[in-house]
Amino acid sequence: MNFVRLWYKKSGLAVYTSHLDMNRCFTRAVRRAGIPLWYTEGFNPHPYLTFLLPLPLGTAGEREPVDIRTLEDISPEEIKARLNAVLPGGVEIVDVTEAKDKANAVESALYEIKAEFNSSEDAAEFALKAESIVKTGVLEAEKRSKKGIKTVNLCEFILDFDARADENTAVLTAVLATGTQNNLAANLLEETLEKAAGVEPEKCSLTRKTIYKADRAVFE
Amino acid sequence: MYPEKLEKFLMKVQKPGRYTGGELNSIVKDKGSVGISYAFCFPDTYEIGMSHLGMKIIYGLVNSREDARCERVFAPDVDMEEIMRENGIELYALESGEPVKDFDIIGFTMQYELSYTNLLNMLDLAGLPVRSADRHALTPIVVAGGTCVCNFEPMADFVDLTLLGDGEEVTMELIDLLKEYKAKGAGKEEFLRAASRIPGVYVPSLYDVSYNGDGTVKAIEPKDGAPEKVVKRNVADLDKMYSPESFVVPFLETVFDRTTVEIFRGCIRGCRFCQAGFINRPLREKSPAEVERQCRAICNATGYDEISLCSLSTSDYRGLEELLTSMLPWANENQINVALPSLRADNFPKELMEQLNTVRRSGLTFAPEAGTQRLRDVINKNITEKEVLSTCAQAFEGGWTAVKLYFMIGLPTETPEDIAGIAALAQAVVEEYYHCDNKPKGKGVNVSISLASFVPKPFTPFQWEAQDRPETLIEKQAFLMENVKSRKITVSRHVPRTSFLEGVFARGDRRLCDVIETAWRNGCKFDSWEEHLKFDTWMQSFEKCGIDPYFYTARKRDFDEILPYDHMDFGVTKEFLKRENKRAHDGLTTPSCREKCSGCGAAKLNGGVCNELRQAMV
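Chains A and B, in that order, give the protein sequences.
Going by our numbering, the first residue of the first sequence is number 281, and it counts up by one from there.
Going by our numbering, the first residue of the second sequence is number 34, and it counts up by one from there.
No wet-lab data here; the hints were simulated from the structure.
Positions of the beta carbon are idealized from the N, C-alpha and C atoms, including for glycine.
Treat the hints loosely; a few may be bogus.
Cβ pair distances, simulated, as ranges [stated by the list, open to error]: (1) A:Asp347 <-> B:Thr622: 53 to 61 angstroms; (2) B:Pro362 <-> A:Lys489: 43 to 51 angstroms; (3) A:Asp347 <-> B:Asp167: 56 to 64 angstroms; (4) A:Pro336 <-> B:Pro362: 40 to 48 angstroms; (5) B:Glu119 <-> A:Lys430: 30 to 38 angstroms; (6) B:Tyr275 <-> A:Thr377: 42 to 50 angstroms; (7) A:Ala383 <-> B:Gly475: 33 to 41 angstroms; (8) B:Glu119 <-> A:Ile429: 27 to 35 angstroms; (9) B:Thr622 <-> A:Pro336: 54 to 62 angstroms; (10) B:Met44 <-> A:Thr460: 53 to 61 angstroms.
Isolated chain A, as found in the complex (with noise of 0.2 angstroms):
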């Protein structure tokens, strides 16, 4: 048995999938791809291929990883190559490791948010309330986990922030918690951050740039 850690790009349409239906769409990707998996001996057989993070509908990822335990001893490039070969639009395997650091290692990510406003006015200021809100240390909104809605200050999760408009994008850029421990979903503080400037931005597109473990190392 072989402990083979995918990373893939999500971007496109595919930005559109739940995390729950990406699943399903790894799960065929890689019978279809001829990849023989080791499959759970409980009740009911599934596949083993593990979402060390999930990824929230409408956010896209440049490097996620993906763990599965495959059968037979197949080469990274070969993995990588097949499943290519199978995988819907939007949907890229960008590299094949072993699986170096645990999931629970996972400490924070780089996010890239870009909100399009119709003059480079409306971004330039989105830019600058969003700047000097989070640097009042105060960003309130409700939260919602198993236990309930609270009111969380989401300055609290933000480890990073830069704002700037570039022509008629604002592009916020965050290193926020992630992980099981603490998490921030970037399009929680994206909606807030909307909400407390009064901005409707015409689009918005939100990226999972890179995942960390401590002390900002890149998680292997």
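Following the hints, put chain B in place on chain A, whose structure we already have.
For chain B alone, kept in the frame of chain A given last:
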């Protein structure tokens, strides 16, 4: 691909993946380079429509032509519809994002009467007038096919034409004809007249219907050379017919998310309530080798890990044992689950049951349909209680603990004993479990009764019968509940109001078009979804149009009454259906097509079991 205007709204709707397109194996053709564009519309949401086999067949078939392209269209859910209407976004097709109104053919598959308002709503969302008479250009031509078109009179004013029977051949002929007429710049009326000459094509506007004083049909008169009877199309050899070897694989989970391969069309049984069993005659089989080839191809192309073998009565497939013997080792090796829906209780071999059990266990379902042998004889459901029990016993020994039983209430000649008999049969199954020596250790049994309400349908021996009123059905449901004594038995009931509307439209006539339009204009849509059904609006619409809905449901018809769909010919003759009706009232069963031909009339359509019998006689 969706229209650009929609992008900023996608994250505001439930399950945006339904509206984006771009799924694996979807076929996107260059708009400019093909002759005829076909928008295949399913009048319900994406999850339901994407499970429909007919769409997969027509999608692959039309796209196999170089001079045509087929795209998929589904009814947007209410949240999406609101956004589209507010922002002036017209209904679009998923592959290109092109507005549906720009397609040459807009084809609806009509499987259920309660989706009629969705057809109107989709035409309206596309920016088209809902009435055929108000659409003057040659294209788009609005066509409908599927089960409901055996009596599409209640929708006659909205569609330009319908396609009767198997759609594969006639769709291709229609595309050929439209291509020719489009090239020569013909008008819509000229095209419709020509289309009515294609066998299996029904153009409602070419028929005048008149009525008697009592509301029954007086005459149906064809004009402009339209045929007196439109004969349904019948694909004689399924092995030679196109069958898809790849499916579009949705990103999101659909109702039936699996490989579906048809093993035969039609049915030999002749259960007297079952419309599908009569309008799809004669039975035609696919060869086991062809079925297996298609299963493997689709699994490879999609990555699905479940296969459903599709037919009206799986265990009547003569090649079942051969197919499973050959296919199961491959399926097991590849962790593929094989599901056999529509299994009859009386003839399923134990060895196969064991083989099926090896990958994953799915539920066990039987459809005795009626609670007593007397009523089962009336409806010609030739299953005995003993057979049900012995098959259940077999299943329990094989490790099953859950059994689902389908029943109907409101059947002709039904008495309280028949309803009590439903509970008694379920109870007998529970007891069978506890008497079973090799039952699974430490587990209880769960028998669930699914209770439907009988709706008399066209082209069945019961097409003349009265349908129970909703309040009667509710009483009967309550009576059954009183008779269920065990907590091992659960009962799920259908809403009699939906069966009532279904009954009105199933045997309705053209005067219902106004009712349907009125109801839709007052907000009726997704009528089959309990949370969307506006029953009061429906009743007000009947009243506004001066129509008594019970005229269509609660009235027993005479044999010599002209039925609104008498100009449709599905092979089975009225004489045969009358004979079957009389036999039902006499409590006499009729043997299956393989046991003895009962001369239903479908033999003239050629193919399948009718030829098997002929060859056997030679």
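Structure-based check of all given hints:
1. A:Asp347 <-> B:Thr622: 53 to 61 angstroms: 59 angstroms, holds
2. B:Pro362 <-> A:Lys489: 43 to 51 angstroms: 47 angstroms, holds
3. A:Asp347 <-> B:Asp167: 56 to 64 angstroms: The hint (56 to 64 angstroms, Cβ to Cβ) holds, given that Asp347 (chain A) and Asp167 (chain B) are roughly 59 angstroms apart.
4. A:Pro336 <-> B:Pro362: 40 to 48 angstroms: 42 angstroms, holds
5. B:Glu119 <-> A:Lys430: 30 to 38 angstroms: Holds, since Glu119 (chain B) and Lys430 (chain A) (Cβ atoms, about 33 angstroms apart) stay within the stated range.
6. B:Tyr275 <-> A:Thr377: 42 to 50 angstroms: 44 angstroms, holds
7. A:Ala383 <-> B:Gly475: 33 to 41 angstroms: Because 36 angstroms falls inside the window, the suggested range holds.
8. B:Glu119 <-> A:Ile429: 27 to 35 angstroms: Since the Cβ atoms of Glu119 (chain B) and Ile429 (chain A) sit about 29 angstroms apart, the hinted range of 27 to 35 angstroms holds.
9. B:Thr622 <-> A:Pro336: 54 to 62 angstroms: With Cβ atoms ~59 angstroms apart, the hint holds.
10. B:Met44 <-> A:Thr460: 53 to 61 angstroms: 25 angstroms, violated
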